[in-house]
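Colleague: Work out the full structure: start from the sequences and follow the hints.
Listed here are the chains, written in short residue letters.
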Amino acid sequence: MSTTFNRKHLLGIRDLSAEEITYLLDTAETFRDVSRREIKKVPALRGRTVINLFFEASTRTRTSFEIAAKRLSADAVNINVSMSSVSKGETLLDTARNLEAMAPDCIVVRHSMAGAPHHLARMCNAPIVNAGDGSHEHPTQALLDGLTIREYKGRIDGLNIAIIGDILHSRVARSNIHLLTKLGATVRVAGPGTLVPAEFAELVEHGLRVEQRIEDAIEGADVVMILRIQRERQNAAFFPSMREYSVHYGLHPSHLERASRDVIVMHPGPINRGIEISSEIADGSRSLILDQVTNGIAVRMAVLYLLARGNHSAHEEASVKPAGPAGPVGNAKRVRKGIRA
Amino acid sequence: MKLLIANGYVIDPSQGLNAGMDLLIEDGRVARVLDRGEPAPKDAEVFDATGLMVAPGFIDLHVHLREPGQEYKETIATGAAAAVAGGWTSICAMPNTDPVNDSPAVTRFILEQGERVGLAKVFPIGALTKGSGGKELSEMGELKDAGIVAVSDDGRSVPTAGMMRRAMEYARGFDLAVVDHCQDHSLSAGGVMHEGRWSLILGLRGIPAAAEEVDANRDCALARLTSARVHLAHVSTRGALEAIRRAKELGLRATCEVAPHHWALTDEAVADYDTNMKLNPPLRSRDHVGALLEGLRDGTIDAIATDHAPHHADEKGLEFDQSPFGITGLETAVGLAFDLVHQGVISLERLVELCATNPARIFSLEERGTLRKNSWGDITILDPDHQWTFDVSKSKSKSRNTPFDGRSFKGAAVATIVAGRVVYLHPDFARITASKHSQFAAGR
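If you're matching them up, the sequences are chains P and Z in order. Just so you know, we're using this note's numbering here: the first sequence kicks off at 1 and counts up by one. Just so you know, we're using this note's numbering here: the second sequence kicks off at 1001 and counts up by one.
FYI, nobody ran anything at the bench for these hints, they're computed from the structure. Among the hints, erroneous ones may be present.
Below, in silico cross-link-like pairs of lysine to any residue (SDA-like), each with a Cα-Cα straight-line distance of 25 Å or less [said to hold, decoys possible]:
(1) Z:Lys1398 - Z:Lys1373
(2) Z:Lys1316 - P:Cys124
(3) Z:Lys1316 - P:Leu99
(4) Z:Lys1316 - P:Thr95
(5) Z:Lys1398 - P:Asp94
(6) Z:Lys1316 - P:Asn125
(7) Z:Lys1316 - P:Thr91
(8) Z:Lys1316 - P:Gly310
(9) Z:Lys1316 - P:Asn98
(10) Z:Lys1316 - P:Arg273
(11) Z:Lys1316 - P:Glu90
(12) Z:Lys1394 - P:Arg122
(13) P:Lys8 - Z:Asp1272
(14) Z:Lys1410 - Z:Val1341
Modeller: Written as structure tokens, this is what we have:
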């Protein structure tokens, strides 16, 4: 690996270079094997403390970070702060200062407000991982999506990727658009006009198109990513009914006939069956929804390892390497070959 | 009590003065303008303004002084001190205090506090509707008798066209300007920054330019219907300026102001989620900033007003979504206005027109904004060449919420005189004067 990842925080994909993203994905690949072993643990972060600070309900992401930390032998502490108790009293700043006083090696934060992790990063000495901030970014989700695409397509460069649904409010869409276009893919987004502003095309310099019809976005796509529709959006009058959404913007098997023959379908979960995605597709052979979850652990192990290790010694560096001769090394090479340098 | 402001360069657009002259103030009022060398009364105290510009006192049509009710953010004393340090001799206080200034008692309180402090002259603006609730008209007649100079529900727009029409018709009877914060709530609700590329990148809820443009067009149409005076506060969009430009062509009594941050910064400044970049109206995109510069140049914009909005550090230290809108502005506005002069956008004369002549006319502040005989002896002394850096730790305001800490400026107000009394003198004034003398000598 020619490059490294020297950042203190992981706040978003937009700030990262293509080389840094590739390095993160390569590192994640080396960790994938740990979860396949009988003893799913390496001592890489032994004695380190990772705090999962979740201001917004999350099962999947929080569990994924927790398992990732534990498989690296870190002590993981989960703090679930309901927004109501925060609004009553302690500010984010005071929460952060208190946690800081407990000397964590990394704070993973999920917050309903965009920019909250940046706020923490300014105030805290500990590295901050953004586990989703409002409608802004969800960098580890994009990394695990990128890892999954690389695993199945062997590359990201040159692929056509459709992202369908509520683009306006989606941090998953934003992080993925940054990651995929930086790595050379062409991204087309589509959904109801109220949730896909035309100005979205200016989000990145190149490689992004806004389509009015989901059929146009899916035409010839190698990857179709479906976003979760938030039921509360309907109350905000972004679209008339779930029924109408499902008919016009839900993904049905007929849509996939327009896509490339070996199209893969992804969804960040949790899925609303029969609304944004039909069950036939969600449970079908093209669906990688569960692979995404598995890769989430590897990506989060990589991120925690790179950020929480601090000033590591050579010995610690060595101890992370998978012990056995079998495992991900060969696999990683196979996948990496597909990536254009 | 006589004060002779000697050897300066007098700029007064109200009477077309733009020349090296002396100015005599007697008993708080302008006595006369003297040609250079014309003998002055021997008993006059002399203020040496060699190499400096002498302008009618600057009038800020839009400040939030927070007193009564939010004295932890600002008081009339600290706000007035910041005003004179920034070159403003008069400040017009928005009514969104606690309680709201919708009663003569609050109006009189603000006036009395202003007098007691004795720095900048404080003019209260009354609420347009009771409690600024947008439902019932305030007692504008009573308020005018108590001393208000305009009516406004600033911070929120007048919610319906029907309400705005009634307010304008009623205010017309008292010759009060109706000041509107143009922003259609149904378009802006929940928004925290300008809607555009940057709001999409940052995942923050946007306030579209159209929210301001819809209301600006509405208000101009109503100005036509009612013949009332309407003043659009802190315009920030191309569309609002187009509406005002058209209204002026039609001869309507429509005016507008612009706040310095709206030409000095763009929405890109929000990129780090710095809450000192959170404003309402929000910092706009380059295209809108271009339109503001055009409006400053071509006369569409009548006034520069700061929208000075102090907030406590604890409030500005919240998440971007939670933090209140607004920044302090009294001490940086003139510096930012000089940027426009040095960039060739406006002349020095136009700067004075924007900060003194026009504001006095818009709120009918009689005997201010001019150096005509018997006008108030309110003077702003400017040094267009003074280079300085804003240090917020030395700010006279009680709050510290500025995006301009550490910014360098060229051009400043170096002395502020209210009713013939020097209420602010730049800490380095002696050094500035000395350097002007040596320049002057070298020039000769």
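Colleague: Against the structure, test the hints numbered earlier, and report the numbers of the ones violated in rising order.
Modeller: 1, 8, 10
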